[in-house]
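**Q** What follows is the residue order along each chain.
Number of protein chains: 2
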Amino acid sequence: MAAEGRSCRRLEAAAARAVLGAADTLLFDCDGVLWRGDAAVAGAPDALARLEAAGKRLCYVTNNSSRTRQAYADKLRRLGFPAAAPRQVFGSAYCAARYLRQALPPGAAAYVLGGAALSAELRAAGVPHLGPGPAALPGPGPADWAQAPLDPAVRAVLVGFDEHFAYAKLCQALRYLLRGGAACLLVGTNRDHRLPLEGGAAIPGTGCLVKAVEVAAEREAFIIGKPSRYIFDCVVSEFDIDPARTIMVGDRLDTDILMGNTCGLTTILTLTGVSTLEEVKSHQESDCPARRNLIPDYYVDSIADLLPALED
Amino acid sequence: MAAEGRSCRRLEAAAARAVLGAADTLLFDCDGVLWRGDAAVAGAPDALARLEAAGKRLCYVTNNSSRTRQAYADKLRRLGFPAAAPRQVFGSAYCAARYLRQALPPGAAAYVLGGAALSAELRAAGVPHLGPGPAALPGPGPADWAQAPLDPAVRAVLVGFDEHFAYAKLCQALRYLLRGGAACLLVGTNRDHRLPLEGGAAIPGTGCLVKAVEVAAEREAFIIGKPSRYIFDCVVSEFDIDPARTIMVGDRLDTDILMGNTCGLTTILTLTGVSTLEEVKSHQESDCPARRNLIPDYYVDSIADLLPALED
Numbered sequence: 001m002a003a004e005g006r007s008c009r010r011l012e013a014a015a016a017r018a019v020l021g022a023a024d025t026l027l028f029d030c031d032g033v034l035w036r037g038d039a040a041v042a043g044a045p046d047a048l049a050r051l052e053a054a055g056k057r058l059c060y061v062t063n064n065s066s067r068t069r070q071a072y073a074d075k076l077r078r079l080g081f082p083a084a085a086p087r088q089v090f091g092s093a094y095c096a097a098r099y100l101r102q103a104l105p106p107g108a109a110a111y112v113l114g115g116a117a118l119s120a121e122l123r124a125a126g127v128p129h130l131g132p133g134p135a136a137l138p139g140p141g142p143a144d145w146a147q148a149p150l151d152p153a154v155r156a157v158l159v160g161f162d163e164h165f166a167y168a169k170l171c172q173a174l175r176y177l178l179r180g181g182a183a184c185l186l187v188g189t190n191r192d193h194r195l196p197l198e199g200g201a202a203i204p205g206t207g208c209l210v211k212a213v214e215v216a217a218e219r220e221a222f223i224i225g226k227p228s229r230y231i232f233d234c235v236v237s238e239f240d241i242d243p244a245r246t247i248m249v250g251d252r253l254d255t256d257i258l259m260g261n262t263c264g265l266t267t268i269l270t271l272t273g274v275s276t277l278e279e280v281k282s283h284q285e286s287d288c289p290a291r292r293n294l295i296p297d298y299y300v301d302s303i304a305d306l307l308p309a310l311e312d
Numbered sequence: 001m002a003a004e005g006r007s008c009r010r011l012e013a014a015a016a017r018a019v020l021g022a023a024d025t026l027l028f029d030c031d032g033v034l035w036r037g038d039a040a041v042a043g044a045p046d047a048l049a050r051l052e053a054a055g056k057r058l059c060y061v062t063n064n065s066s067r068t069r070q071a072y073a074d075k076l077r078r079l080g081f082p083a084a085a086p087r088q089v090f091g092s093a094y095c096a097a098r099y100l101r102q103a104l105p106p107g108a109a110a111y112v113l114g115g116a117a118l119s120a121e122l123r124a125a126g127v128p129h130l131g132p133g134p135a136a137l138p139g140p141g142p143a144d145w146a147q148a149p150l151d152p153a154v155r156a157v158l159v160g161f162d163e164h165f166a167y168a169k170l171c172q173a174l175r176y177l178l179r180g181g182a183a184c185l186l187v188g189t190n191r192d193h194r195l196p197l198e199g200g201a202a203i204p205g206t207g208c209l210v211k212a213v214e215v216a217a218e219r220e221a222f223i224i225g226k227p228s229r230y231i232f233d234c235v236v237s238e239f240d241i242d243p244a245r246t247i248m249v250g251d252r253l254d255t256d257i258l259m260g261n262t263c264g265l266t267t268i269l270t271l272t273g274v275s276t277l278e279e280v281k282s283h284q285e286s287d288c289p290a291r292r293n294l295i296p297d298y299y300v301d302s303i304a305d306l307l308p309a310l311e312d
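Those sequence lines, one after another, are chains A and B.
The first sequence maps to residues 1 to 312 in the working numbering.
The second sequence maps to residues 1 to 312 in the working numbering.
One or more of the hints may lead you astray.
Same chains, same label: a pair holds when it works inside one copy or across any pair of copies.
[Claimed, not checked] Calculated cross-link-like contacts (lysine to any residue; reagent style SDA-like; alpha-carbon spacing at most 25 Å):
(1) K75 to V236
(2) K281 to P82
(3) K281 to G181
The set of hints was computed from the structure by calculation and includes no laboratory data.
Turn these sequences into a full structure, and let the hints steer you where they fit.
**A** Printed below as a string of structure tokens:
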């Protein structure tokens with residue numbers, strides 16, 4: 001749908017029947033769409049079960065790099081969603097591992113700011129790596145820090161969600177990037193500023209860590225997750241996807257909806273998560289052409305609103 | 001001097017006599033100007049001694065937040081520069097403490113990402129604070145992190161150089177900023193991307209840490225150090241300064257020279273540090289008006305080049 005045509009209409013049952021009827025694949029963001037924290041959005045498991053029963057292909061596309069594909073499949077099952085194979089899950093940890101497997105020369109390794117899930121996906125993809133876990137500075141002063149051992153095989157710095165992020169790691173990341181120059185890749189799993197928690201609380205997202213490394217290195221990272229189209233390209237390369245018959249369902253305009261619009265998908269905003277209709281309105285009223293890409297084709301209060309269109 | 005007039009001429013002896021003769025105050029950046037690491041720039045102590053003997057007021061203006069005023073005075077003495085009183089030194093740690101003393105309501109405290117020097121300057125200024133030193137996450141998961149105790153008195157987050165910077169601190173900083181909203185100040189000592197070390201090595205600068213907090217908080221920090229004019233305003237409020245009779249000498253175009261030009265000072269770039277004549281040339285050739293402010297009035301290979309103008 002052309003950018004000028006996006007009016008962000010509420011997806012009522014009749015329109016929903018037509019929109020869903022024209023699609024063979026639905027891509028779902030997870031947190032804020034299917035569940036919030038550890039509770040399924042009411043009606044969401046039933047809606048997905050009916051979509052699957054109607055012959056739709058369901059995939060899960062998430063920027064969260066702190067879970068493996070398998071962990072997402074397990075959570076879907078635990079919360080009562082239709083059984084999903086790990087290969088239906090496109091998390092930024094898996095997709096980052098996939099990217100590095102293709103982009104790194106044979107034998108090259110990655111220095112990773114990230115956790116156990118990112119490490120597991122890299123291991124599964126056969127990408128040698130080091131870095132996960134706590135790190136300490138190797139001495140009292142800058143001269144010591146600048147002389148910590150570097151692994152000669154490292155040809156990439158990968159930044160994901162890392163609860164052990166520390167100045168010591170930022171230092172090592174910069175040193176690998178200065179040593180390798182343009183031949184050392186700089187990759188970020190995503191740019192999310194925050195991870196919202198229940199009750200209005202939030203913790204810093206991976207975007208903060210990516211930006212810290214970018215500022216030090218004075219270069220821009222290649223981003224895996226939404227709104228980058230790389231994560232959608234991963235879906236396309238593993239399934240037979242026609243963008244014109246694919247729907248992206250998400251709760252964030254700046255990631256889910258922007259990626260969907262950029263990739264030519266039909267986009268549905270669900271209001272159970274981060275973004276609001278007020279934000280949509282402010283994009284609609286803006287003169288900035290780039291902001292037109294943040295407007296979804298449709299919105300629903302919850303994906304449970306799709307249920308009436310799926311009955312009979 | 002008007003922006004259009006800045007031609008970045010080499011400051012030869014005759015011109016130097018005129019430029020220095022018209023000035024009563026010189027502001028010096030330190031690292032890359034007076035010294036590199038722990039060695040004085042050859043001839044620099046002699047040049048400063050002669051400037052002082054000629055009746056000039058010398059001040060030291062540095063973005064480094066990891067030393068106190070007293071530590072700078074000690075280092076100047078140790079490296080053979082003319083004796084300086086701590087009050088001649090305007091470091092971003094001291095100036096940040098000064099800012100918070102004025103900006104915080106009575107009894108309010110600051111959450112500080114920074115080291116012992118920043119803490120000492122805050123203590124000297126009577127600003128209650130917490131945060132320096134190592135920090136650990138208060139539990140295994142996000143729900144625990146979002147429930148760590150917050151000090152009810154905190155009304156500011158101050159980000160300086162912090163070798164103990166960690167995700168746990170980023171979390172707390174975000175939580176104070178979310179709790180306080182606009183009533184919680186966000187202050188950064190400076191935006192330097194890197195600290196260059198001898199031999200071409202570098203470690204990440206405070207700018208990386210400030211940016212990480214800004215991305216999480218989705219707001220911009222008030223910056224104390226160059227190129228912000230706040231640090232110059234500190235000099236003005238403590239000495240009787242006439243910008244038209246003041247020279248800023250520095251090695252960085254984007255901090256020292258930009259601040260000097262912005263504040264109406266005469267600016268001299270010295271080539272013993274970070275910036276190069278090639279960078280000056282690229283700014284001169286640019287169509288971007290903002291880049292004109294990065295062009296110094298004069299340059300010298302080293303501040304020892306001022307010596308001939310100071311003889312007899």
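**Q** Let me make sure I understand: some of the numbered hints might not hold for this structure. Which ones are they, in numerical order?
**A** 2
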